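Participant: Residues per chain are reported as follows:
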Amino acid sequence: MIRTIEMKNIIKQFPLVRAVDNVSFMIKAGEIHSLLGENGAGKTCLMKILYGMLNSEKGTIKINGKVVQIKNPKMAIDLGIGMVHQHFMLTPVMTITENIIVNNEPLYKKGLFVDYTRARKQVQELIDKYNFNIDANAYVKDLSVGEQQRVEILKAIYRGAKILILDEPTAVLTPQEVGELFTIMRQLKEAGTGIVIITHKLKETLEIADCISVLRDGKMIRHRETLENLNEKILAEMMVGREVELNIRADESNMGEPYFFVNNCNLKNDGRDILTDINFEIRKGEILGIAGIEGNGQTELIEILTGLRKATSIKIMKGEIEIKGQSSDFLRAKIGHIPEDRLDRGLIAQMTIEENFILGYHNLSQYVKHGFLNLKNSKENTLKAIRAYKIKTPNEKEVVSSLSGGNQQKVVVARVVSQNPDVLIVAQPTRGVDVGAMEYIHKQILKLKKEHKTILLISADLEEVYDLSDRIAVIYNGKINYILDKNKTNQLELGLLMTGGTLND
Amino acid sequence: MIKKNNLKNLIVPIFALFLALLVSALIMLLSGYNPITAYAVIFKGALGSKTGICNSLVQATPLIFTGLAFMVAKKATLINLGVEGQLYVGALVGALVGTVDFHVPFIIHILLVMISGMIAGGLAGLFIGWLKVRFGSNEVITTMMTNFIIINFTSYLVTYPLKAEGPTAQSERMLPTALLPKLFAKTQLTWGIIIVVVIAILIKIFIDKTKMGYEIKAVGHNKRAAQTAGIKVGHVILFSMFLSGAIAGLGGAVQVMSVNRRFIAGFSADYGFGGISVAALANDSALGIIISGFIFGLLRNGAKYLNMTSRIPTEFVSVVQALVVLFVAAPLMIEKILNIFKKKKEIK
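Chains as they are written, first to last, in our numbering: chain D, 1 to 505; chain W, 506 to 853.
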């Protein structure tokens, strides 16, 4: 039985950086301990050392005061430590039970064969015990993201985890699913499990954690601090090490004439209505936010408005000009696009920062001449952006995959902003980035607004939409039924509309 | 950081090569042959004399062409196993153009043969690209199948309608104006080796410096990001398959202009597939392919001497080649082995 785990004076050195610098960290059974820090502060690295995925150069780990060696995840699991990674490690075509028992299969007496009946019973018992509300026989591919995460947690518990590490568990969840996850975490805590939650969402930390620890640049800044006298602002400053403006608000004045018009946008797929009769206009210097739970047609709408997908019917006007064609036509018409998933559509992870910085704009005369790339210009502009955006990298030839999420997102934002677009389609601009980068990106978006750009902001983060937008459209089931002035609504009302509620007036 | 990576890119293939030679030596030893004799014969034969070196370069020329062809397609993540077939198409069309007297200076005639071989091979590659873009067919399967069709169809052509007088299935002899001049008398080494080196340099410039090369890399690494960036993914696939086929076709044309002087049925000694090994050993670097092509050419050439002077079967050269590819394809294993050496040093 684990009562405490202590990590003492841990050092982890990578070729260029000291990721974890003489850090001590303690977890107790039956507590929820939030490990905070910016991207690249060393949170995940420290936990990977505890889970045996990385080996530290120096330092000891003690369980209940006794020194233990954890050289690989197998040893960690045997000691009762479980970890749920940001990216799930499940086999979609197998059932929940099969995924959970893997490598721990209950066998028939002395036999070679897996006792599936017993396995299913064991798994279902665990599911019922913690009210996980899933079916042991369901296939993983049919589960929602939140349910898949529960399977991962279950897998760790099935293997006997008494200390559970959750690496940014809420990054992929809808607000409802976050609530369900927290219920499960509280139940596990009641049952005596110690939980470490890695996150940079401060609100969630304040809601769920018993105590917090803060890492900054590989050093432990605060350790096991209780939540009394803490608020989001103080936490953010601990993480970043300077004053941070959290809820940056839009300035509503200074808007021009309507400039970007979307009329009669419909999309049918296999006879199903994905988007139904969407109409809106955005003025110069205005930010129109689209709030909604993911999967209500936002992705399709973004793809249509950036030329990546053909709508069944639509008319897009930018000023007096109609916009149609492929993504290259939209880019040429100065409609900038910050895609919702930077590693899917935004960046080419294996290519360098410089190569990514010209992506999509490599046809412009500043970057190409007679078919040859102008490498002098691309290098110069990339270096300028690296300085202006404080992108943490040794040089412009670094591959993008080696950057942290926040720095990757800065590359995307810097690329689009540097091309001075007239209209900007911004999707999930701060997903998975830390407070420092978030503050910076929000300021950039507001700066563009001040420069009279027309901005459409789509985000699953209601707070972000609410803070930045002048007007907010709520999308539900492929329809926009309400477009509200920010001043005449509040987050509670928007949350209600996002889940299909109506306004009775 | 960058320099370190370059070094690593060099160490892995060199180590793989040595490991392959070592394991092959063990196999020879177990089969009752003396590996030292074998390697001595191979290297002395292939490098020990001017003729030997020239013949190694002759063997290397088509391998460098096919290596480049394979690599260009792979930059766009296309596995062009049709290099062999495209080589045949280029060789046949080149050989036929070489038999026609256009009454032009020999330089022009040579260029005509080369360009026609390129276009023919390029079209063969383009067809595969079109099948992929239009119907979504997997290029691995379509290239394998079209290889059979092309190789057998060209054999048919030189067995019946285009057959020259004589017992073998081959086309008419090319005109002297259509042949590449020799670099040294009494060898088969021609301008071909210079042409292929120039092509390799041009391809390096193309991939590193041009917009099209950039788009090919972008499509190769992430099609969705490329599409979002306004790159027409279908066009890029078509173009890179055309380019890949064109390089293979040029390789075929240069081969008939240098060595065969006509199209002979089934003339290719697996140059197409050899090219895959060449590209693999070079880690898909254009200039590296020149060197790895020479290494494979050397082994192939050396194998001939093995046959002449000892009882050791020439197949051992194929064993070496296969092992090289195996070890190169497992870079992690090589790194692990190298790490063991490193750790031992640290302990000392």
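Since the hints were derived computationally from the structure, they do not count as laboratory data.
On a predicted model such as this, the values are computed, not experimentally measured, just so you know.
Please note that a few of the clues may not be correct.
Claimed, not checked - With a cut-off of at most 25 Å between alpha-carbon atoms, the simulated BS3-like pairs for lysine-lysine come out as follows:
1. 376/D <-> 809/W
2. 841/W <-> 310/D
3. 714/W <-> 379/D
4. 324/D <-> 737/W
5. 637/W <-> 555/W
6. 268/D <-> 315/D
7. 714/W <-> 397/D
8. 233/D <-> 486/D
9. 709/W <-> 71/D
What the hints assert, rightly or not - Okay, the calculated bits of chain W under chain D, using three or more residues with CB under 8 Å as the criterion:
10. 714 to 728
11. 755 to 768
Claimed, not checked - Here are the in silico distance ranges between beta carbons for each label pair:
12. 838/W <-> 390/D: 36 to 42 Å
13. 365/D <-> 664/W: 40 to 46 Å
14. 738/W <-> 3/D: 40 to 46 Å
Where is the CB? At the ideal position from N, CA and C, for every residue including glycine.
Participant: Give a verdict on every hint.
Facilitator: Results for each hint:
1. Annotation: proposed proximity of residue 376/D to residue 809/W is violated, straight-line Cα distance about 50 Å (limit 25 Å).
2. Straight-line distance between C-alpha atoms of residue 841/W and residue 310/D comes to about 49 Å, which puts the hinted pair past the 25 Å bound.
3. About 13 Å separates the Cα atoms of residue 714/W and residue 379/D, which keeps this hinted pair within 25 Å; it holds.
4. For a cut-off of 25 Å, the pair hint linking residue 324/D to residue 737/W stands: about 16 Å separates their Cα positions.
5. With a C-alpha separation of about 46 Å, the suggested pair residue 637/W and residue 555/W falls outside the 25 Å cut-off, and the hint is violated.
6. For the given pair, residue 268/D sits about 16 Å from residue 315/D by alpha-carbon distance, which is consistent with the 25 Å threshold.
7. Taking the CA atoms of residue 714/W and residue 397/D, the gap is near 15 Å; set against the 25 Å cutoff, the hint holds.
8. Taking the CA atoms of residue 233/D and residue 486/D, the gap is about 23 Å. The hint holds against a cut of 25 Å.
9. A threshold of 25 Å between alpha carbons decides the hint, and for residue 709/W with residue 71/D the separation of about 44 Å lies outside it, so the pair is violated.
10. Proximity of the stretch 714 to 728 of chain W to chain D, defined as three or more residues with a beta carbon under 8 Å from a beta carbon of that chain, is established by the 10 residues found.
11. Residues of the stretch 755 to 768 of chain W lying with their CB closer than 8 Å to a CB of chain D number 0, which falls below the three-residue condition for coverage.
12. Distance hint check: the CB atoms of residue 838/W and residue 390/D are about 40 Å apart, consistent with the given range 36 to 42 Å.
13. Taking the beta carbon of each, residue 365/D and residue 664/W are about 56 Å apart, not inside 40 to 46 Å as hinted.
14. The hinted range of 40 to 46 Å is not satisfied by residue 738/W and residue 3/D, whose Cβ atoms lie roughly 57 Å apart.
In this structure, the hints that do not hold are numbers 1, 2, 5, 9, 11, 13 and 14, in rising order.
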